[in-house]
Every structure is written in C-alpha cells, then in structure tokens.
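Quick mapping for you: the protein sequence lines, in order, are chains F and E. Using the working numbering, the first residue of the first sequence is number 1, and each one after it goes up by one. Using the working numbering, the first residue of the second sequence is number 1, and each one after it goes up by one.
These are calculated hints, taken from the structure and not from any lab test. Predicted, not measured: the structure shown is a model, and the values here were computed from it.
Derived, one-sided and incomplete: chain F residues facing chain E with beta-carbon distance under 10 Å:
| no. | residue |
| --- | --- |
| 1 | 35 |
| 2 | 67 |
| 3 | 89 |
| 4 | 100 |
Note that beta-carbon positions come from the ideal geometry of N, C-alpha and C, so glycine has one too.
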Amino acid sequence: MSGSIGGISDNVTKALHMALNGLDARQRAISSNLANIETPGYHAREVNFEDSLRDAFADGDPTQTLTTTSQSLAATRLNGNNVNIDFEVLNSSENVLRQKLVVQALNNKYSLLRTAITG
Amino acid sequence: MMSQVFSTFAVARSGMGVYKTWLDAVADNVANIDDVSATSGPAFQERFVAVQPIIDADGGGGGAMVAGAQFGDPNGRVTYEPNHPLADANGLVRRPNIDLGDQMVYMQLAQRGYQANLASFDKAKEAYEAAISIGHGS
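Please model the complete structure; the sequences and the hints are all you need to start from.
Below, the structure is given as structure tokens:
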C-alpha cells in the first residue's frame, strides 16, 4: 500500500480515512450506550483509535490503525448500569463535529487534486 | 464492528423500539389500574419489560432489545366491596397492585429515553450526510 500511486491516496488521505472509520465506530458506541441507558448491568462502551492512529501514522502506514472498544470502568448505579447520559449526548455532538472536520479535510485534499487535474 | 452501511441508525432504532415498548407497557398498566376481578381468578398483573443489550462480535455495543415481558403479583390487592357484582361470598374482589406514582415515573423515564435515542438518530444522520458529501467539495 505504501508504495501506491503517490498523489491520489497519500498517507494523510489514508489517515483521514482511518479517522473517519474510528469516529463512525464511536458514533455507533454512543448510540448503543444511549439505547441502553436503563438496561440493568450494561456497561458503557468506549472507542479508542487515536493512539493507534498516531503510532501507525508515525510508522508510515496509517492503514494499520486499530479501532478498539472497551467497557467503561465508571461507578455503576444500583441496577449495575454506568451509562452517563449527559456525557454521551455531549460526546455525540462533539463526535459529529469531528466527523465533519475530517470530511472537510478530505474535501480539501480532493479539491487540490481536482485543481491539479483540471488546471 | 458491523460494516453495514448506516449501521448507527439501526442502533438508535433499537433503543427507540425498547422505550416505545416500555411506554406501551406503562400505558397498559395505567389503563388497567382499576380493573376489578373475582377472587377466584388472578388480578390484572403489572407489565414489566425486560431489556438486554445487543453485543457485537467485537464486544462493542450494538443497541438494546426487548428480552421479554415479566408480570407483577397475580394476587393484587383484595378489597371489600360487597355490592360489586364480582364480589365473592365474603364480599371480596381483587384489584391490581399497581402504583400510579411508579407508572408516572416509568413513563417519564421511557419518554426521555425515547427522546435521547431520537436525538442520537439525528446526530448519526448529520454525520452520514457529511460523509455522503465527500468529494462534492468545491
């Protein structure tokens, strides 16, 4: 992969792609946490990909990024559930903004390409 | 991670389904709160909704689902109403043992839960719309 056609899919584009994948998984985890606000014994899911993406990018191959899901260690309520609704709702908004940011960055990359192609 | 397109919608929808079922159960309980039955049979039993999480293959959350219904005490409250047509020889009838205050609290919880999942659906839609716009930038 690292030696592919340089201009069209460089490491930054690949990193943005992996970031979008990770953010999408996080959006899904947040939705699941909200679907289970009152489910007895449910532990909130947390998604992490940033650390792995940083390492993969430093190593020169962002496609090696791993997106991992873990369970929240926060204290549980009486029914064994530890989903924190305000945290999830805020996180959901922030996560959508992050996705838009990544999309915008991708569009900017493609816009450069378009300029290069069409002149 | 499920790689189906727009899979976050399914997660939000599963949550809305759970809370709607809960609202239905509460409505059923409130509608039947004053049911009277003969002591020879059971009283109307309070409906409880059992919920369990949907777990993806990688341990991540995939939403929530209704696992089944559970029912309250069939004995209910036995009250003395000798003039009631269903009263037994001792003048007793059964009424369901349902607390209206509890039901009101459950109704709020279910309604807010439904709203939270609807908001989560909206947020997912916003994110997907952004993703769809990739490549359409000026």
